[in-house]
Every structure is written in structure tokens, then in C-alpha cells.
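First to last, the sequence lines map onto chains A and B.
For the first sequence, the numbering used here assigns the number 1 to the initial residue and increments by one for each residue that follows.
For the second sequence, the numbering used here assigns the number 1001 to the initial residue and increments by one for each residue that follows.
Derived from the structure by calculation, the hints contain no laboratory data.
A few of these clues could be false.
[Unchecked claim] With a straight-line cut-off of 30 Å between C-alpha atoms, the simulated DSS-like cross-links for lysine-lysine are:
1. B/K1128 to A/K207
2. B/K1149 to B/K1167
3. B/K1027 to A/K261
4. A/K307 to B/K1186
5. B/K1151 to A/K207
6. B/K1146 to A/K209
7. A/K209 to B/K1239
8. B/K1115 to B/K1105
9. B/K1027 to A/K259
10. B/K1194 to B/K1027
11. A/K307 to B/K1128
12. B/K1194 to B/K1146
13. A/K209 to B/K1020
14. B/K1128 to B/K1105
15. B/K1219 to A/K310
16. B/K1139 to B/K1162
17. B/K1151 to A/K210
18. A/K229 to A/K153
19. B/K1146 to A/K307
20. A/K232 to A/K179
21. B/K1128 to A/K210
All of these numbers come straight from a predicted model, not from anything done at the bench.
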Amino acid sequence: MRNCYLGVDIGSISTKGVIIDEENNIITSCYIWTEGNPVKAVRNLIRNIKEEIPEDCVIKGIGTTGSARKLIGLMLKANIVKNEITAHAVGTLTFYPNVRTILEIGGQDSKIILIRNGIITNYAMNTLCAAGTGSFLSSQAKRLGLDVNEFGKYALKSKNPVKIAARCTVFAESDLVHKAQVGYPKEDIVAGLCKSIVLNYLNNVGKGKKIEAPIIFQGGVSKNEGVVKYFKEVLNEDIIVDKNSHLMGAIGIAVLARKNKVGKTYSLELSNVKFDTKAMECTRCSNNCELLKIYRNNELVDSWGSKCGKY
Amino acid sequence: MDKVGIPRGIFYYYYGDIWKSFFDYLKIPYIISPSTNKEIMLLGTKYSNDEMCLALKTYLGHVSYLEDKCDYILVPRIDNFGLDNQTCTNFLSAYDIVQNTFNIKTLNYNIDLEKHETLKRGLIKIGKILNKKHSELVKAYKYAMKKYKEKRESEIMLNFNKLNSSKVKILLISHPYNTYDDLIGKDIIKYLEKNDVEIIFSDKLDENLTNKLSERISKDLYFKYSKDNIGALELTKGKINGVIFLSAFPCGPDSLVNELAMRKINLPYINLVLDDNSSFTGTETRLESFVDMLKGDIHE
């Protein structure tokens, strides 16, 4: 029998799952779109993982991270629920103990983590605005009639990226429309977009931070060759993109699940687990809190959003 | 007798205690709007335009709540506290905005130290409108200031002593009308306290010290409250583990002064900019990871 640990990273755009063993080897992994329904996405994810997992593996720990971590943590009865900054740093440090800077661009968040001597010393995250993140890229890809997966390759064709306003997504989009309407070639526009992501990131998230090599770039957007190219160009440093760069959060939380194991064995059978959420507005006082009640097999397991703590 | 309405927003967090003691001494009835709740926030959104910051929006909500519950609304106009100590334009304009938006009489006074218009003169002016005698008003002013100073000094002492705590210490750089508002800062403070963090409040330090100390960060600043805030960085230097900058969207002075401070300090920090989005999730992620990092737990 082999002891294994499951890490699930439920982001706004994609849901990632990974199974590791005691030595942090990846046994199997899965990457699917969240499509606005984290519960359904995780059901699909677990089904895929269950099919691929070798028979001698037993799950000894489950961790969840990403923006839906609390909800899915309840659903899977995870033994650890942690924010994505911590998870990303732990995941990266597992494979690259010498890393000094982690750049991360996900679907809705982007962050920079500075590490000195293996310890996180500083980090920054975008403000609540999602400018310059994956969701912006994918909506623009749709607008240009391109698949987001081929977006990066398309950008590499360009020799002359157009200038696109980088500060705000709304301005960037109107800039893009104008450039397209006056007749710029598509690859130059795509390349300009990739470059604007880099400039936006360095201005908004990376401001005032000392970016020192080795630099690792991860998160979904790190799979975009165009963005990687312009990071190299602008920072004038080598950028490492791991083949599992999109899974680092899930790996990190799996490692944390291993470190925090409680000695329980977990089942991946979810088909008989009923999981519902009900939203309501509390009318007991003038705060009118938006309450969310979570039911697992018709049993109330948690409720969120109450300011007074009565629920 | 005429009843005075005090909106629980912006000015209240600087002058509320003084006003209360002043009116108590003179036996003038007053009503304070309740803590900001959803109803007040919605009223505020209704009466404000797109350029106003979250704090001013909620302020207008408080005024609207009080509109039919009192005879006067107390809205001061605060211009400056001497050379290079101006306030944000909202502090100057709130009075005119309230007068033009609502159908109610206002009690108004100016604070403009460059023109020798002091708090004392201001309070005496509104006292006279409410038919009180000059000698009585001077006594009431002295009483209110004495009580205020006592409370303020003990608050400063308590806050400053937290710097000796053995817990993780975070300096919260924020204006009091954001920090202590139920819908803006309360959840953040609750979260930090629950996670065993010692919070040092930038507004509860001696402003005579912090105002002067801000010159070490920049000599060119002229916003009084922002200077007080970032001077706290110098006053607590070497004694804190991290800094949280909290501001309401869109804040003019903060977007200049806090940004400047962020580039000059050599400490971990996060910048939280809040608008009336009701979900705490995004803020919680940032707080949780920040506290995780400062405590260093994950490296064990």
C-alpha cells in the first residue's frame, strides 16, 4: 500500500487536482475548467482522478486552495484549507529550493512572491480589480476568434507588437478594438496584448519589488509563450516555467496536506454525497447579511456571511 | 428644543466625542445615526455621484437617515490645520454637498487655522445659533476638551504599549472613518484579532509626533491626515512586523501618500482598497496569506 495525498486548487477559471506520494512524486494530475460551478468541476475532477489512480494508493490527506477553497474543503472534508499564496510558495519551494522570485498570473488574481533563503519575505497581490489576468486574456482571445491555448504561439509570429494601454482592462480593450479596426495584423495585436499583460503586472503588482533571479513564472498564464517571451525581454533575466507550472498551487496544498495529516483515510467516492448550497438574505437586523448555507447530505455543515455570528 | 443630528461618518470619528460632551454639558438634545448598515449604504449610493469615495458615500447615507429625525444636521467644513496641513477636498465640500442635496437646515462651522478659525470659535458659533450664552459655551468647550484629551491620552497609551507585545504586530495605516466603520474596517479588524495579531492603529498615536516624523518619508506632503498616518511608520520603526494600508476607493490623498510610503519602507505590506463590494472573500485571502507569512508557520 502506498500513502498518497490529494491537493485541489479551485480557481476562478480552472480547477486543478494532483495526487502525490510521500516523496512528493506526482502520481496523477488533472486540469479542467471551473465554468462558474466549483462543486460540479470538483465532482468531474475527482471522477477523472479516480480512474487514473493506481489501485494500491490510499489517500491519507486532502488539501484545498484557491478562491473556492472553503466550500470545496467542506465538500471533501479536507484536513487543510489554505490560501493560494501559501500553497504556491510551498509547491514551488518543494521543487526549486533556491528560487528567489515567483511570478504568478492566474484567472483572476496575480501575485508576486519574494523568497530569500527559502522563506517568504514579501509578496504582493493585485487589488480586487482583475486587470491583466487570465480572464482578460481569454475574453480577448474570444473576441479575436482565437482559442486561448494557441494565443501564445500566435503572438510569437509577430515582429512588431502594437502598443496597448496596460493600466486598465477597459482601456486596453478599447485600444485593442481601435487597433483592429484601423487594420493592424492580428498577430501584432495578440503580441501587443501579451506585452501589455507583462507591463501591467510589473506596474501594478511588481512595483517597488526587487525581482531577483532565479525567477519562476507560474499560474495558467505561464502556459502562454507570448507572455513568457515578453517577461524575459522586459526583465532581461531568464524565466523558468516548470512543466507543471499550472499545478503548483495544487502540489503545494498536497504537500501541506501531507505535513498536516491526521492519520485518517479518505475515500474519493463522491457520487453518493449530496452537496447543496442555499443563499438567503437575513432580515433579523438592518445589516441584511447575505447568508450562504452549506448542506452535505442534507445536513447543515456550515453557514457563512453573518456579521453577528448568530448563524 | 431643537434637536441636532450627528451623522456617524467622516467627521464623527475625529470630533464625535467632543461634540457629545459639548452638547451634554449644554443639555442640547442630539441624535447620532446608527453604525453603517446596508440600508444606510444604499441610501448613500442613491445620493452620491460616481466620483465620491466610499466614506463620503456612506456619510451621505447617514445624513439621509437623519433627515427627518432632527432639526439641524451638524456638518463642519475643515480646510486646514495651518501651513502644509490641509485636508482632503471632501472635508471642505461635505457641507455644500449636504446643503444642496438634502432639504434640512445645517449647523456649520469652519476650521481654517490659516485664517484663525479654530474649533473653539466654531463650537461657540453653533452654540449661539442654538440660543446659548457665550459664557456657558466657553465652559462647555473647556469641559468637552478636557474629557476628550483624557480619553485620547489613554487610547494613545494603550495603543503605543501594544508595541511591546510578543505577538505578531501589524501597523494598520488607515483613516479612522474607514477603520471603525462597520461596513469598511470592522471585518478586517475582527479577522486579525481572531488570528492573534496585535494591531497598532495609525490614528491612535500622538499626531504631534507623527505629523513631524512624516518628513522623514517626504518633506513635500501637505495632507494633514495622511502625514499623521505615515508618520506612524517612523514612530513604530523596528517594532512592527508588517503594515496594512487600508483605504476607501477612490481616495485622492491615499493614492498619492500611501503609494509613496510603500515604495520607501522596507517591510512586508499589503494594500487593501475597498469599495462597497459585499464579499469578504478576496480580502480574506489577502489577510490570511499576509498573516501566514508574518507568522512563518508554513515553513515548519
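Going down the list of hints, with the structure as the test:
1. Only pairs whose Cα atoms come within 30 Å are accepted, and B/K1128 paired with A/K207 is rejected, the gap being roughly 53 Å.
2. A C-alpha spacing of about 29 Å is found between B/K1149 and B/K1167, which places the hinted pair at or below 30 Å, so the restraint holds.
3. The hinted pair formed by B/K1027 and A/K261 fails the criterion: a straight-line CA distance of about 64 Å is larger than 30 Å.
4. Proximity of A/K307 to B/K1186 is assessed by CA-CA distance (about 10 Å); at most 30 Å being required, the pair is judged to hold.
5. Distance hint between B/K1151 and A/K207 is unfulfilled; the C-alpha atoms sit about 40 Å from each other, more than 30 Å.
6. Of the supplied pair hints, the one linking B/K1146 and A/K209 is violated, its CA atoms being roughly 46 Å apart against a limit of 30 Å.
7. For the suggested pair A/K209 and B/K1239, the alpha carbons sit about 22 Å apart, so the restraint of at most 30 Å is met.
8. At most 30 Å may separate the alpha-carbon atoms for a hinted pair to count; B/K1115 and B/K1105 meet this at roughly 25 Å.
9. For the suggested pair B/K1027 and A/K259, the alpha carbons sit about 64 Å apart, so the restraint of at most 30 Å is broken.
10. With a C-alpha separation of about 40 Å, the suggested pairing of B/K1194 with B/K1027 is violated against the 30 Å cut-off.
11. Annotation: proposed proximity of A/K307 to B/K1128 is violated, straight-line Cα distance about 42 Å (limit 30 Å).
12. Between B/K1194 and B/K1146 the CA atoms are separated by roughly 34 Å; this puts the pair beyond 30 Å, and the hint is violated.
13. Restraint check for A/K209 and B/K1020: the C-alpha separation of about 46 Å exceeds 30 Å, so the hint is violated.
14. For a cut-off of 30 Å, the pair hint linking B/K1128 to B/K1105 stands: about 15 Å separates their Cα positions.
15. As the CA atoms of B/K1219 and A/K310 are separated by approximately 49 Å, the hinted pair breaks the 30 Å bound.
16. For a cut-off of 30 Å, the pair hint linking B/K1139 to B/K1162 is broken: about 35 Å separates their Cα positions.
17. For the proposed pair B/K1151 and A/K210, the alpha carbon gap of about 43 Å is over 30 Å, so the pair is violated.
18. At roughly 11 Å between alpha-carbon atoms, A/K229 and A/K153 fall within 30 Å of each other, so this suggested pair holds.
19. For the suggested pair B/K1146 and A/K307, the alpha carbons sit about 36 Å apart, so the restraint of at most 30 Å is broken.
20. Between A/K232 and A/K179 the CA atoms are separated by roughly 25 Å; this keeps the pair inside 30 Å, and the hint holds.
21. Annotation: proposed proximity of B/K1128 to A/K210 is violated, straight-line Cα distance about 59 Å (limit 30 Å).
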